[in-house]
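Asks: The primary structure of each chain is shown beneath.
2 protein chains.
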Amino acid sequence: MTRKDLFEQIQSKKSYLCVGLDTDINKIPKHLLDKEDPIFEFNKAIIDATKDYAVAYKPNIAFYEALGASGWNSLQKTLEYIPENTFTISDAKRGDIGNTSSLYARAFFENMNFDSVTVAPYMGEDSVKPFLEFKNKWVILLGVTSNQGSFDFQHLRIKDKNRSLFEEVIIKSQEWGTSDQLMFVVGATRADLLEKVRKAAPDHFLLVPGVGAQGGSLEDVSKYGMNDHCGLLVNSSRGIIYSSNGEDFAEKAKEAAKTLQMEMSEYLDKYLG
Amino acid sequence: MTRKDLFEQIQSKKSYLCVGLDTDINKIPKHLLDKEDPIFEFNKAIIDATKDYAVAYKPNIAFYEALGASGWNSLQKTLEYIPENTFTISDAKRGDIGNTSSLYARAFFENMNFDSVTVAPYMGEDSVKPFLEFKNKWVILLGVTSNQGSFDFQHLRIKDKNRSLFEEVIIKSQEWGTSDQLMFVVGATRADLLEKVRKAAPDHFLLVPGVGAQGGSLEDVSKYGMNDHCGLLVNSSRGIIYSSNGEDFAEKAKEAAKTLQMEMSEYLDKYLG
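Residue numbers (the numbering used here), protein chains in the order written: chain X, 1 to 273; chain R, 1001 to 1273.
No wet-lab data here; the hints were simulated from the structure. As the structure is a computational prediction, the values presented were derived from the model and not from experiment. One or more of the hints may lead you astray.
What the hints assert, rightly or not - Beta-carbon label-pair distances, calculated as ranges:
1. X:E266 <-> R:I1171: 44 to 54 Å
2. R:D1203 <-> X:S265: 53 to 63 Å
3. R:H1155 <-> X:K77: 38 to 48 Å
4. R:K1030 <-> X:E263: 31 to 41 Å
5. X:P202 <-> R:K1030: 44 to 54 Å
Just so you know, even glycine gets a beta-carbon here, dropped at the ideal spot from N, CA and C.
Model the full structure from these sequences, guided by the hints.
Replies: Okay, structure coming up:
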């Protein structure tokens, strides 16, 4: 999917909501466990319920990998079920040296046809480049994350450069790919961080995972993160998909998604630069 | 596997060789392609041929993941075929926030019973800790890698600390786990790097992937990297498993593994501190 297509979706749905399909067999409603593929049944119902409000879906691959071969089947079926015009993110946080990264890229972009994959930056350019060789596919590089451990390395100051490691990652990686193929993961816990990231990458889309269960204000994210083509995908996982664990789980997920979408619609009017 | 068990294996086989099972369907001998599971058949023959000379096997997960569900089956069968007293490494380079890392840990340590998994450090302590909660299982944290891209971030100097990012990773992470549960990946291209790593982590095992096809001298690695319980696992992948792509591939792999083992036996006599 191109950046233009993505922005068109955002304008048409008045939403920059990404629904995180972190589907845990231990957390889905009990009545689904009788089905042949409970994970897929759950995802299918969530997608049906939220597709008018979400522009992107993001399965976290760990949840599927933990189930072995059957998990990969559920993932594949889920991916095929997501409507064509919706952006898909393989939240895999992969990264390895060149020829191995090429294999990961083929797994997610060719075998599975995801639009994008999250990638870890530690191994540098030749671990990221193989993902950038696919037309209209995206790398979403870890920039700054919202967990406590982000302070261990991401916020360290770099000697002789007036910036932190995460800023260096965001600036350096722009030599490898354009804003038509590269986004950044930015944990949305602090407005000042978003301002720094926007300064370092004015044009790029940011995937913000920290709204909802992980904290972070949607208004702050929108105010400090939005650019002239929105430039934001804001993810909510547990806050939507586990709104209820009864028979009404899809209905409740729809309400939660709609509530976020309505708030986003307001911010698009207010902050779209 | 405990550190004591691993050192006993090293002493008994006079080897610290790890064989990298980077098994690529496009590179294995053509006569195997008629078999029901060519990847497993290849691995089985390689394991049979090298098990007297290797103390560890390291499948790179990308090669299996690229094949989808069938790849995971080949991987599972391979893992079960590796002799009990041999150390197994899931070269997955995973890393995510807490509850998601727990899922990856369960996938590799419980569902698949690997002894260890390689983990990327960028997200910090809470991305690594869940892997350290399993008894007699190991995290092998990316320290410094041998690829060109390692210079993008790993070698950056940290402000107000007289060290590079990779040294900071190696020092900081020792607060999270002991040398009985934590190793480091150290790309073996330069002796001075190994000296720095050994200074930062005198007791830990190092997994050295850079000997053979990736360059790096086994003597230098041994001289500068060995400690009083060896503390080294030196990997060779292509140099062993693709020694021949004819019917004699296993025999040639055996010769290549034996050659490395004999050299290692010499260095164990010479450098074991």
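Asks: Take the hints in turn and mark each one as holding or not.
Replies: Comparing the hints with the structure gives:
no.: 1; hint: X:E266 <-> R:I1171: 44 to 54 Å; verdict: holds (47 Å)
no.: 2; hint: R:D1203 <-> X:S265: 53 to 63 Å; verdict: holds (57 Å)
no.: 3; hint: R:H1155 <-> X:K77: 38 to 48 Å; verdict: holds (43 Å)
no.: 4; hint: R:K1030 <-> X:E263: 31 to 41 Å; verdict: violated (59 Å)
no.: 5; hint: X:P202 <-> R:K1030: 44 to 54 Å; verdict: holds (52 Å)
Checked against the numbered hints above, the structure breaks only hint 4 and satisfies the rest.
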